[in-house]
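Q: Just so you know, we're using this note's numbering here: the sequence shown kicks off at 2 and counts up by one.
Simulated from the structure, these hints should not be mistaken for laboratory data.
A couple of the hints might just be wrong.
Quick list of simulated restraints, FRET-style, between CB atoms [unchecked claim]:
hint, residue 1, residue 2, range
1, T53, I28, 23 to 31 angstroms
2, G68, V10, 54 to 62 angstroms
3, P42, S19, 48 to 56 angstroms
4, L18, D50, 44 to 52 angstroms
5, D50, S19, 24 to 32 angstroms
6, T53, I20, 46 to 54 angstroms
7, G40, A17, 14 to 22 angstroms
Heads up, the beta-carbon is just placed ideally off N, CA and C, and yes, glycines get one too.
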Amino acid sequence: MQQLFLTRVFVTVVCALSIATLFYVFIVPMPSMYTSRDGIPHFTPNVIDPITGDTIRIKRLVQHYKGE
């Protein structure tokens, strides 16, 4: 009977810590969650190529100007 109680306590503590960690990550995000390594904000919309009128991913445009 005591083993069942200890198992339930352990599971409850692990679940509580997991949920608390998820809330902490989303409420107080780390600076790296705002931008990529190139300094591009996440969820940036595509840009329009003035010559062709097609859309280009912003990551590809940054790589072009960086010479990669």
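Q: Are the hints correct? Go through all of them and say.
A: How the hints compare with the structure:
1. Checked against the given bound of 23 to 31 angstroms, the beta carbons of T53 and I28, roughly 43 angstroms apart, lie outside it.
2. Look at G68 against V10: about 58 angstroms separates their beta carbons, and that is inside 54 to 62 angstroms.
3. Against the hinted window of 48 to 56 angstroms, the Cβ-Cβ separation of P42 and S19 comes to about 29 angstroms, which falls outside the hint.
4. Between L18 and D50, the C-beta spacing of about 48 angstroms keeps the proposed range 44 to 52 angstroms intact.
5. Checked against the hint of 24 to 32 angstroms, the pair D50 and S19 fails, with Cβ atoms roughly 45 angstroms apart.
6. Against the hinted window of 46 to 54 angstroms, the Cβ-Cβ separation of T53 and I20 comes to about 48 angstroms, which satisfies the hint.
7. Evaluation of the 14 to 22 angstroms hint for G40 and A17 yields a failure: the beta carbon distance comes to about 37 angstroms.
In terms of the numbered hints stated before, the structure departs from hints 1, 3, 5, 7, listed from lowest to highest.
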